[in-house]
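Please take these sequences and the hints and turn them into a complete structure.
Residue numbers (my numbering), protein chains in the order written: chain A, 1 to 264; chain B, 1 to 199; chain C, 1 to 590.
Each hint can be trusted.
Taking lysine-lysine pairs in the PhoX-like style, the calculated list, with each CA pair at most 25 Å apart, reads:
(1) B/Lys166 / C/Lys129
(2) C/Lys274 / A/Lys132
(3) C/Lys463 / C/Lys316
(4) C/Lys581 / A/Lys49
Since the hints were made in silico from the structure, they are not lab data.
Treat the numbers as computed from the prediction; the structure is a model and nothing was measured.
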Amino acid sequence: MEQPKYGFWLPPNISTHGAEIDNLISAVHWFMAVLFIGWGLYLVYCLFKFRERPGHEADVTGNAHFILPKYIEIGIIVIEACLLIFFSAPIWARVKQDFPKESEALVVKVTAEQFAWTIHYPGRDGKFGQLKNELIDGTNPTGLDRNDPNGVDDIISPNFLNIPVNKKIIVQLSAKDVIHNFFLPVMRVKQDAIPGMTIPLWFEATQTGKFEIACAQLCGVGHTQMRGFFNVMTQEEYDAWYNEEEKSLLGDAATATEPTGENK
Amino acid sequence: MSALIPYIDEPHPVTGVTNAKLGMWLFLASEVMLFGALFSTLIIMRTSATDWPAHGSDVLNVPLATLNTVFLITSSVTIVLSWAALKMKDLKKFKFNMGLTILLSFGFLVIKYIEYTSKFHHGHFPSTSTFYAVYFTLTGLHGLHVIGGIITNLYLIGPGSKMWEKEPERFTGRIECAGLYWHFVDLVWIFLFPALYLL
Amino acid sequence: MSHDSHNHSHGHDHSHGGHELPFWRKYIFSTDHKVIGLQYGITAVFFLLFGFSLMLLMRWQLAFPKQAIPLIGKLFTEDGVLSPELYNQFGAMHGTIMVFLGVVPLAVGAFGNYLVPLQVGAHDMAFPKLNMMSYWVYFVGGIVMLLSFMTPTGAAASGWTSYPPLSVVNGPGEGFWGGLFTGQSMWLLGMVFLITSSLLGSVNTIVTAIQLRVKGLSFMRWPVLVWAQVTTAFLLLLAFPPLEAAGIMQLMDRVGGTSFFMPSGLVVSGEAWKASGGGNPILWQHLFWFLAHPEVYVLILPAVGIVGEIIAVNTKKPLYGYKTLVYSVLFLGFMSFIVWAHHMFMTGMGVTMSTFFQATTMIISVPSVIILTTYLLTLWGASIRYTVPMLFATAFLPMFAIGGLTGLPLGLTASDIHLHDTYYVIGHFHYVVAPGTLFALMAGVYHWYPKISGRFMSDTLGKIHFWLSVIAINGVFMPMFFMGMAGVSRRLYDQTVYAHGLAAQPLNVIMSVSAWILAIAQLPFLYNMATSWKWGKKAESNNPWGATTLEWAASSPPPHENFTTPVEVYRAPYEYSSNKKLLPQFVQEA
Chain A
1 MEQPKYGFWL
11 PPNISTHGAE
21 IDNLISAVHW
31 FMAVLFIGWG
41 LYLVYCLFKF
51 RERPGHEADV
61 TGNAHFILPK
71 YIEIGIIVIE
81 ACLLIFFSAP
91 IWARVKQDFP
101 KESEALVVKV
111 TAEQFAWTIH
121 YPGRDGKFGQ
131 LKNELIDGTN
141 PTGLDRNDPN
151 GVDDIISPNF
161 LNIPVNKKII
171 VQLSAKDVIH
181 NFFLPVMRVK
191 QDAIPGMTIP
201 LWFEATQTGK
211 FEIACAQLCG
221 VGHTQMRGFF
231 NVMTQEEYDA
241 WYNEEEKSLL
251 GDAATATEPT
261 GENK
Chain B
1 MSALIPYIDE
11 PHPVTGVTNA
21 KLGMWLFLAS
31 EVMLFGALFS
41 TLIIMRTSAT
51 DWPAHGSDVL
61 NVPLATLNTV
71 FLITSSVTIV
81 LSWAALKMKD
91 LKKFKFNMGL
101 TILLSFGFLV
111 IKYIEYTSKF
121 HHGHFPSTST
131 FYAVYFTLTG
141 LHGLHVIGGI
151 ITNLYLIGPG
161 SKMWEKEPER
171 FTGRIECAGL
181 YWHFVDLVWI
191 FLFPALYLL
Chain C
1 MSHDSHNHSH
11 GHDHSHGGHE
21 LPFWRKYIFS
31 TDHKVIGLQY
41 GITAVFFLLF
51 GFSLMLLMRW
61 QLAFPKQAIP
71 LIGKLFTEDG
81 VLSPELYNQF
91 GAMHGTIMVF
101 LGVVPLAVGA
111 FGNYLVPLQV
121 GAHDMAFPKL
131 NMMSYWVYFV
141 GGIVMLLSFM
151 TPTGAAASGW
161 TSYPPLSVVN
171 GPGEGFWGGL
181 FTGQSMWLLG
191 MVFLITSSLL
201 GSVNTIVTAI
211 QLRVKGLSFM
221 RWPVLVWAQV
231 TTAFLLLLAF
241 PPLEAAGIMQ
251 LMDRVGGTSF
261 FMPSGLVVSG
271 EAWKASGGGN
281 PILWQHLFWF
291 LAHPEVYVLI
301 LPAVGIVGEI
311 IAVNTKKPLY
321 GYKTLVYSVL
331 FLGFMSFIVW
341 AHHMFMTGMG
351 VTMSTFFQAT
361 TMIISVPSVI
371 ILTTYLLTLW
381 GASIRYTVPM
391 LFATAFLPMF
401 AIGGLTGLPL
411 GLTASDIHLH
421 DTYYVIGHFH
431 YVVAPGTLFA
441 LMAGVYHWYP
451 KISGRFMSDT
461 LGKIHFWLSV
471 IAINGVFMPM
481 FFMGMAGVSR
491 RLYDQTVYAH
501 GLAAQPLNVI
511 MSVSAWILAI
521 AQLPFLYNMA
531 TSWKWGKKAE
541 SNNPWGATTL
551 EWAASSPPPH
561 ENFTTPVEVY
571 RAPYEYSSNK
581 KLLPQFVQEA
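What follows is the structure in structure tokens.
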């Protein structure tokens, strides 16, 4: 998918867990529609049938006893319970807790700040270099210590999250200054980025394309500008990009070593 | 107009309390929520802190605070005695016991002053750490409530006591409400003292 | 002339030995709950219009990004384009002013103050001087909020939710006083005043309704409005204090260098934040939402009470299911204290906590549905009289339904993943508060106007107001659900920066044009309110609508002591005799 089509309803879904979230959204809205149309028809009927007019009197005994609303209420409770127990809670557990093994996934750090996203790849060694606040400056937004042996091969990507398709991605999300929110509309992924905390999230994309990262928590005057680029590539395209980055970082020495494959 | 509002002097037949007493209980319920929020903050700050003092006694003056506890508890007793004195129609005894209450409260404030200035002298301010932030805010808000109580009690022992001549029941009711408030202030301290100083 | 009768029927204040009070004691620093209620009402309407105007300006930027606002744009910025700074300030203050300076003072301070003593047969609130104080503390809080616009840093700009660290680092000042004289700090100070005002008011409402009931008025004979106001008062009493504590703590973080909410290692604009660290931003969210969720029930319950009264009067039959309604209101109030973290699902919450709060959120929808159902069922077998109040009260029902129903996908965590902090949320809560509560409050104005002034508001102007408003308001808020589904985040200065935002941009034009039409639709209402006082059709009796509750036993307007002859209650509200005769509560059956 090169040019995703956006409109007035849900964005395209390219996430492995997107379908179940979209199904839940659909199911809830059908439920809401049935209730609203049902109540609405009843309301319109009453407003017409029981309007004040000559010869028509109100039933003031107050003895009318309605049984149907009780059953409707019970039905509502049952359906809400089902939506919670059989849909929402399991989906939440899957999405927020059932993490893939780190060895099977590509782990990246994403750090939000006013007003940009910094994506930090661990490099072929699979280990993140240490982050030190005192090293933070314009060219080093997360304070990566290049003198740390683990940090020599780390790739820092400003505002671009490039990932291979059909690969599980674990994001370790944090923020430098205020609360932001990491939102990938097409992945149905949304998570607050809270300073002082590193919150993990995971996802897997099923299609390639160029998409967006949005910030979904007011973070200051530049909140609207926190647009990041979320590029899902084929494995070949991703490897090509990765090697380019490595080369410019480490020179030709990098490509001499055997790629370990799993840690990219 | 006040003649038209009932249950100022005598209790309501169903609730069994005067308007002021019901109002005071409601107000105290909201105060429980206020201090509850601060105690919750204490718990949350403490569980996530890296540099919290191992024991409150390491950094806070427990003997002084114990003295403060004695002052407050005693003042709760004396304020009840002042109310009881009014019930026995003894204005002099009321003034004596209310005076003791106020004196003890001032004693509390003096010790608080000593504590605070000592902390400042050693460079410990609310901004120093989350421990000190919570300590100063909790004890500070409590201290403000003590001051509020002192002002009210000074009024009641002074110009407010003129009401005894014309409306003795209403005045007694006021002292009862003041007592309720004061017991609450005392109660907060009884939670505060172990939470900050002893644990 | 009702104006003359207004003066003559004023009783004497006993504490002044029979002399009439001077103007400033009668109308400015009055202890009469009716005067205070009107003061609250007029002040609240002013703030509602002010808060609405802020949004009308923002709506230009939203519909036509980066274009200069016509005619008045240059009053705000050099090139007439609303800046991102001003956009965020207007946004934060719009929410704050509408909720805390507009709706609650109108719903609780105005309607509650005016009607609760009358409906329980009392001569005034239990604590008249406290009542006066609660108004003036509100007034000061409002002034502080307005002054916040004039600080060097401008008004608060971190949303009405004021989340730290943003609200602490935003618009800082030098030192203690410099820090205090910033918009964000003054927001916190203003909140302390407003919270105090609410606390004082709620004590008064509860004590008055319980202690000052006249003979025969048992609890299960209270009008639904009184049940709603008392429950609301309990919510305010118990839920506001944690926010007061949190506000003080945030103020200390801003001006005192503390770190209640500031974690360690913050780097703001390239510089390390100078504070001890060790704080927790999520603590603020817990304390804030612990108030703010009950707060939204504070916004809706008085409306539920008003709609109940108006439906009862205009269906000419008893309200269906009075007992069920009362228990639902009480249960709703109780449940409102244990759902707050559904606003925090995205903070990194685990399964246990999220399941608990999802469950309580689903449960709280039950009493809401029951309340709506009892009102709907009241219509069955009725003889519905379409007065202007009834038009608004009827419209409340489907509007409240939409608002409530759209809470479901937000209350379920898995669907909230996509919808959190999008326009869907804005659509959801506005439906409940705008065509929900505000319509109910407008209905209340039309309904009780003859009691307060002795004259009716114009029917024609009322109908124009209603039809224009109901159409325009749906034009503003319905598109928001679509915009939220499309993934457009809240509080964005210019959503066209995003491809998914650009695609949904046409909806913004519809919403903005509808908002401006909605603004124009309020003009007949304002004109009607102002002029009917002197020139409206006179109400020929004390009870022109044929209602059953106690306020209609008093003259219109009621004298200072409300009831010149003793009132007693003989039955539940909304009852009729066997031969279909209206039986007000205060009339002994012959």
